[in-house]
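Colleague: Here is what each chain is made of, one letter per residue.
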Amino acid sequence: MDELPYKTILCDVLIIGAGGAGCRAAIEASKHNLDVIMISKELVGKAHTAMAEGGYNVSLGNVDPEDDVDTHFKDTIVGGNYLNNQELVQILVENASERIFDLEEFGAVFDRTPEGKIAQRTFGKQSWRRTAYASDRTGSEIMVTLTEAIRKTSVRVFDEVFATRLVLNDGKISAVTAVDLKYGDYILFRPKAVVMATGGAGRIYKVTSNAQLDVGDGYGMAYEAGAELIDMEMIQFHPTGMCAPKSAVGRLVTEAVRGEGGILLNNKGERFMNKYYPAVMELAGRDQVARSIMTEVLEGRGSPNGGAYLSIAHIPHQIIEFRLESMIEQFEDAGVDIRNEPMEVSPTAHHFMGGIKIDTNAQSTIPGVFAAGECTGGVHGGNRLGGNALADTQVFGALSGENAAKYAKTNERPGVNRDEVQKEFAHLEAMLTRKEGISPSDARDELTTLMWEKVQIFRNEKDLAYAVKELRRIEKEVVPNIKVDVKEKRFNPGWHQAMEFEHMVKTARMVAEAALMRKGSRGAHYRVDADPNDKGYYNIIIRKGKDGEMELRKDDVVVTKVELP
Amino acid sequence: MLFRVARSREGGKITHYDLYKIQEKKGMTILDGLFQIQDRMDPSLAFRYSCRGAVCGSCAMLIDKEPRLACRTQILAVKDEALKLKPFPPLTDAPPGWDKKTEILIEPLPNLPILKDLVVDMTKFYKSLEDLKLWMEPLESKHPRLQSPDEREVIRRYVNCIMCAICYGSCPVNFENEEYVGPAALAKAFRFEQDSRTTDPERYGEAARKSNGAPLCDLVMNCVKACPKGVAPGGAIRKLKQ
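In order, the protein sequence lines correspond to chains A and B. Numbering-wise, the first sequence is residues 1 to 565 according to our numbering. Numbering-wise, the second sequence is residues 566 to 807 according to our numbering.
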């Protein structure tokens, strides 16, 4: 076969992903007088970070002066069901305040206390009012601000460029293959260090709060390159996603609604959280609230669209209009006035607690590959507290950017195996030239339905075993036969979906295989057939073995301060 | 419902329109309709989208000759809602054969070069932000700056901008004058000028009042009517002009 043409682009640090973590990493790396490139699958500023609504956890004590770093630490560990890597949590809680001050310096506009300090509100499972916010559009505020801050730096931004594979040399990062979606060109980036900031993979589920492009590219690429991943079975189902209309199913209804006093009711008008978690009611952990809603639905007390009612009609209109302005707009589009009528909500796939395993320098197990934000695992354990994800993006974004820069300064650029590069581009090209095969949108429907039905909130051995078997089949039979109908390379959505599909399948397989291995219930992983002897205080580590097969093993939790129960 | 969709394989200009029959349901948005086309009828149709919820601002396009976000526009309501914009050629020049009663016309956002189908090149729009240096000058401090709720209130509506470029696409001045930086950039300049924390507020006002900025605005106010987030750039520009 003829060689496919591609462009080679050299740089010092390559950031893959341009959400909260990617932008923050790029800003930090650019302070070191290096050539930094940030690539984004979509236009810069459109990333899923912008959809985070509720806020950013930081123990500033602006509202509750009793709050401190240690309490934030403990709340995060308890909330994470003790599965968190405590070294990483320490980094999170210690640096959250400096990083929010950075955001403020970049121009972010947070809501304020009467004294002019950053305001903080109640979120689930936290001892104090700790969550800083900008109405219910905190992520959007942060995303816009970071985009402005990036413009001021020397960072070279390549938008609508899709990374497909990490290429190693002697176990170290040496190159990244990519496709320019605008023009259909192949690109080979040759950085000295890489930061993965690729976000989550809610899109492997049929019902999700995630933006269209959150398909798990980072998990797939890191796995394929041989990196270790951790806690992949831990998926947070946000308890409150929209149930209707169809187009909006899964869209996030922020926890701030409950933080501001919203109550959950079943179809009999009963405030059912009273039965399950009377002490904390609607502000129980996200996994607990999600299971409570689903139990009501399964026992016949659900709303018409299979959810529960979330009401804030008892709260003064002025407060709703000031603190939940996007929610008013979001439900207006669905014909519901939330000031007077209840919202209908049900759980939606929201956040991956697991991901690429990183050390305290935010480096993965592959030298030169750093990672930050949702694509990493370990910070949030078995369940993430609302508000900890935005803090995660900023703290670990900055840390990964700094350490990637240091790595790039002290390491030479490795050579690159051209055959491996050609093989990857030929593989992408084949999706377009194949005569027979399966369409990417059909393949995607099959996968997301399988995950939603078999690897969901209530899990059991039979379903998980079935999902694993099916996913292995899809990996062997469907992935190599994906066929894109349209041959045009520029802005070809089918081709783009086909490239994503491989990453989705690998990600889904890791989730299902880890879920099958964990026999007890812990954190977001809830087994209806839980083995009572499996207390579950361990992490599951996944990597691609030397024989090419998926390897899973149990590992001890990293404990520094809070002993396991 | 029928969608009449502008096509441009190579970019540059609209070459033809394709007609698709959409199975519509109550609550369905234009974006849902476009997905239906892409998934079931024509996988070659290119358009941008991401969040599905008016947060990311990717899916701005011309819908029935009005610039809107596809994700926020209900198929069944399009014909009943009018933004009442002041007309200029892209909002009035209809393709031959368009039956206004039965077809929803979908075209790329005006005033920006077409890359493919409904995808436009945003470079010019972003470049204005860069030219006006629309970012904050950080203070090297480990402590937060104070800002009272009243001070925050001054810039409240302007920080809601999601950079969708609908104002840019709705502006007759942007249509006539390549140089004009456009409403979003000026609104953002005003937002920085008015931010109580800004150390050098004058520079934003000065940048905005250069010859390719606020002086070019005719206060048509299409931007105010079309903005999906209530930012009202026109109000900010009026103040910048004073």
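Honestly, I wouldn't trust all of these hints.
What the hints assert, rightly or not - DEER-style ranges, computed between Cβ atoms: (1) A:409 to B:646: 43 to 49 Å; (2) A:409 to B:761: 35 to 41 Å; (3) B:664 to A:426: 44 to 50 Å; (4) A:406 to B:776: 44 to 50 Å; (5) A:335 to B:664: 25 to 31 Å; (6) B:581 to A:460: 49 to 55 Å; (7) B:574 to A:335: 36 to 42 Å; (8) A:473 to B:583: 35 to 41 Å.
By construction, these hints were calculated from the structure, which means they are not laboratory data. It should be emphasised that the depicted structure is a prediction, and the values quoted were computed from it without experimental measurement. Glycine included, each C-beta is placed from N, C-alpha and C at the ideal position.
Colleague: None of the hints should be skipped; say for each whether it holds.
Modeller: Here is how each hint holds up against the structure:
1. A:409 to B:646: 43 to 49 Å: Given a distance of about 56 Å, which is not inside 43 to 49 Å, the answer is violated.
2. A:409 to B:761: 35 to 41 Å: Hint holds: Cβ distance 39 Å, inside 35 to 41 Å.
3. B:664 to A:426: 44 to 50 Å: Given a distance of about 47 Å, which is inside 44 to 50 Å, the answer is holds.
4. A:406 to B:776: 44 to 50 Å: holds (46 Å)
5. A:335 to B:664: 25 to 31 Å: holds (28 Å)
6. B:581 to A:460: 49 to 55 Å: holds (54 Å)
7. B:574 to A:335: 36 to 42 Å: holds (38 Å)
8. A:473 to B:583: 35 to 41 Å: For residue 583 (chain B) against residue 473 (chain A), whose Cβ atoms are near 37 Å apart, the range 35 to 41 Å holds.
Hint 1 from the earlier list is the only one contradicted by this structure; the remaining hints agree with it.
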